[in-house]
Structures are given as structure tokens and as C-alpha cells.
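S.K.: Could you slot chain S onto chain B? The hints should help.
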Amino acid sequence: MTSLLETPADPAVERRQAVQAAANSSLGRRKLASKVTLGVCWLFLFIAVVPLVAVIAYVIAKGLPAWNADFFTQSTKPEGYSPSGVWNAIVGTAVITLIATVVAIPVGLLCGLFLAESEDRAAAVLRFTADVMTGIPSIIVGIFGYIAIVRNFGGYSGFAGAFAIGFIMLPVIIRAGETAFRGVPNSLNEAALALGARRSTVARKVVVPTALPGVITGVLLAVARGLGETAPLLLTIFGNQYLQWNPSKPMEALPILIYNYSSQPYADLIQVAWGAALLLMAVVLVLSIGSRLVAAYLRKERR
Amino acid sequence: MTDASSRTPHAEESLTVQAEQAIIEPPTGEVVMTLRDVAVSFAGKTAVRDVSFDVAAGEVTALIGPSGSGKTTLLRALNRMHDTVRSASVTGSVHLGDLDVYGPDTDATLLRSRVGMVFQRPNPFPTMSIYDNAVSGLRFNGVRKKSLLDEAAESSLIAAALWDSVKDRLKAHGRTLSGGEQQRLCIARALAVEPEVLLMDEPTSALDPIATKRIEELVGELKNRVTIVIVTHNMQQAMRVSDRCAFLLMGDDKAGELIEFGPTSKLFSEPTDPRTLDYVNGRFG
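First to last, the protein sequences are chains B and S. Convert by adding 25 to the 1-based position in the first sequence; the result is the number in the numbering used here. Convert by adding 298 to the 1-based position in the second sequence; the result is the number in the numbering used here.
Treat each hint with caution, since some may be false.
Selected chain S positions facing chain B (in silico; Cβ < 10 Å) [stated by the list, open to error]: (1) 379; (2) 382; (3) 415; (4) 444.
By construction, these hints were calculated from the structure, which means they are not laboratory data. For glycine and all other residues, C-beta sits at the position ideal for the given N, C-alpha and C.
One chain only, chain B, in its complex shape (with noise of 0.2 Å):
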């Protein structure tokens, strides 16, 4: 080997050599600008987590004090009252966000299944439709369903809420959905053609299922999302400190409540606040984790 190298006349062993020596001579620069960017990488990773951290130690600090059986079992009285909870808020939250996903989801899946499938101009059209529906401030959309339904349709009500909270979900529930079924291969869609299956047949059987994890971790993410938002609703659903099943009527929400009472000058009424974060902070955490588990699961199951 070192005879090779230093044979002078080959100009190919010249061009190794200054190749060798230049990397051999930037050497510790280059471990030093490695060193120095894994460094910072750390410390905006550090800047981005600390901020999360803070916030939930924070909450369950605040609101874990409030949690007792009452809490979860009464409706929220004034202040000075007892036993106050947050049960008409916790039954709002969950009618109003039902009824916004079961209404979302198979109108966003077969959105989604089309534009995953058709690349006519439609598509197009719709999928611009959906980025700028992700795009639209959360209380213009609350605006909307106020002039839409409030003011049409018997006023304040849980099913105005449904509906801004469904216009929410629904771009999340599209994209997420074209994602997933984009994400089959063309293999398969290609095996069910040659077998003498139609498209909608390839679609049922072979696409959906295929597609499955990503579509559930889409509408969990979805309904989490939908679960905090809180501008749609100031608008649609005004509030209710008495309990109140019926969509049709104004109702109470989480976030409505937080929003309400964090800004009263009564302790109480401030913890009840906390607790109510802390409850839905956990809500949406668990739906987001639970998401990505129950999608590694499914995959898991096809290996």
C-alpha cells in the first residue's frame, strides 16, 4: 500500500493524498462543528419540551386539588355554593363533540377516500377547500355558526356548537384521511384490478382496511383537537351552569367553563376552573396517546 502511495508520477494517488491530508487536517474542526450542532439541537429540544412540561406539572398542581367525587358529579354552582362540580360542563362537552365527530367522520373519510383516489379537478378543489377551512381563525368560525344557526335556528344551542366544532374537525378529519389511504400501496390496489374487483370494491375491502390505523389515529387527533377548542363555542352554545342533555337547548362545555370562571374574582370558582383544565388537558392527552397506541397495536397485529 505505501509503495502505491507514493508512487509521485500517478496523478490518481496525487489526488488520494490531498484528498487524505485535507481530511485528515479538518478533522477536528469537522468533530467540533458536529459536537457543536448536536449541542444546540439538544438545547431547542430542551426550549420546546420545557414550556409542555411546565404547563401540565402546572395544571395537575392547580387543578388536582379540585378533583373529588363531587366535582365530577355536580353541576357548577355560584360562588359560595356547595357541592359544585362540573358535570353539566363534562355531559356538554361530550354530546356536543359526539355529535360533531359522528357527523365529521364519514363526511371527512369519503373526502378523504376521494381525494386519495380521483386527481380530477374536484379534488383539487376540495383539497384547496380544506386547507383553507384548516386555515380559518377559530372564532370566525364560531361567528359563522352564530349568524348560520344561532340566529336561524331556535338560538344558542348545543347543536350550533356540533356544527362549528364539526367545521373544526373536518379539514383534520380529510387531510388525516388522504394521508392514510394515500399511504396503501398501489400494489394492492393493482392485485384487487387484476382479481376483476371494481374501484368501490378495492375501496371497501382492500383500501379501508389497509388504510385503518392511520384513519383511526386521524380522528382521534381530530376529536382532540375539537375537544379544546373554545372560540366556535363562546358563540354557539352560551353556557349553562344547570345540567342539560338535550343538543337543543344551550349547554355547557369545558372549555366554556374554564374560560368563564377563570376570569371570576371568586377562589372557589378559580379551583373549579383548575380542575376543569386539568380534566381536559388529560382528556386530550390520553386521546392523543392513545391514538398512536392503538395505531402501533393494528400494525403490530398485520406483521
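M.R.: Just chain S, lined up with the frame of chain B:
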């Protein structure tokens, strides 16, 4: 299809120019598929043209030729898989018996249940068990009767030489099988529909030599059951498994064209066209 139709005259023009060059020795027995002046183009660019030959019943017909000669493109024209590609356009005529494959009244999905296909890479449905994979084609076509499904599963898995190793775990996922077994499951899946013709697109290209050997043996055994058209880039494989060969070659304009068609033994021992001789002797490709 729309923008390709305006270019069609160009494709037909080149057809007439090239048509005399192909050397075709038609089969003497019963014919299941006939191809006449078949050309496929994508967005106006011709990928393969000037292909005319007959597929004999109960035989294995191999499409051979170097990369880019349009073997796979031609094969996919036989069961209208190009329908899924918007820019693709097929001209000329393909007949399955009396059925005009590209006729205005011909339903592509019904045609595909008569002309099955096996792909380069094993592609069993990942959400389905071995049994469900085997009978998926029947279910796609609306068969619900359990006894019929059971019979089809057993018969097709036996034909694909897979039954003995999977009969005790039919409910297991298709992905638990090895690559070669997965490909045989895909063959079983295609056979279960009882197609008249089975198209195989380089079915062993993703498999190891032992799995390849088993698939090749299988091709020979399946002849009694189904007519096979197989694409292969491997000349030894074509020699081993096929009765008749179509040799395609990329022309000067990058479009594949048929050079010679005839019995495999003749094509490999005494081909008429010197280009065929060069190819089978491994001088290029």
C-alpha cells in the same frame, strides 16, 4: 386518454412502417388470445408498438427482451391494467376468444376476472388471512357461498403447491409466509377465480433461486389448468418454462417492438432474425 387520442395517427403510421419486420410463426393449435398491431403509448409517447401474435391454449408464452423493450407494458395491455393510468392509450386489437378486449361494450373488471395477473413483487393483502387472500377474488366478484369459497381456496392452494404447508394455519396472516410462499399465495389468489389466461409479470424477480425454481416448476404444472403469458428478463427461465416466445426489442425511437415470435426451441436454437440470435446468445441485454 384525451390528449393521447390526438397522437394516435402517429402510432398507427409507425405501425405500418414497422409491421413487415417482425417474423411470426403462428401456433397451430387452439388460440385463446390474439394480438393485432397492439401499441401502447403514455401521454403520446409510444412505449411498445407493432405487436401481433397468437397465444395458444394450454401453453406458456414468454415475452422476452432487454430492459425497456416494453414486455411489461405489453403484458398489462392484455388485461387492461393501463385503464388505471390516465395518460395511457392502447391501439390495435386484443381478443380473448371472441371478446374484443378493448371493445366499447367490454367491461374491464369482468375481463380481469377471466385474465388474471401475478406481479413482480408478492403483494398479498396485508389485512387478510391466508384463506381470505386465496378467496379474495371470489369475494370481490360477489361470491358469498361458503362451500364454494372453501373449495376454491383448497383447489387453488393445492394448485399453487402451498396447501400442505398452510392447511393448518389458514387463518394466519399472509405476511407470515416467506417471500416465495407469498408469491405462491398470489398465484393461488389469481387461480381461485379460475381465469382462462394468467399473466405473470417477472414473477420470480424478487425471489431467491430456490423459491424461483419452485415457481418455475409450478408454471409447468399449471399449463393444464390455465394458459400462461409470462414476462421474464431471464433467458434461461424463458427456455425452461415456455413453449413459445415473443422477442421484443427497443427500436431507435425508444419504443419496444416485436422482432420475432415462434416456438421457444426454434427461437433459442435457430432464430430467423440476427438480433434474436445475438440476444439469446447473450451478446447484449
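S.K.: Against which earlier hints does the structure fall short, listed by number upward?
M.R.: 4
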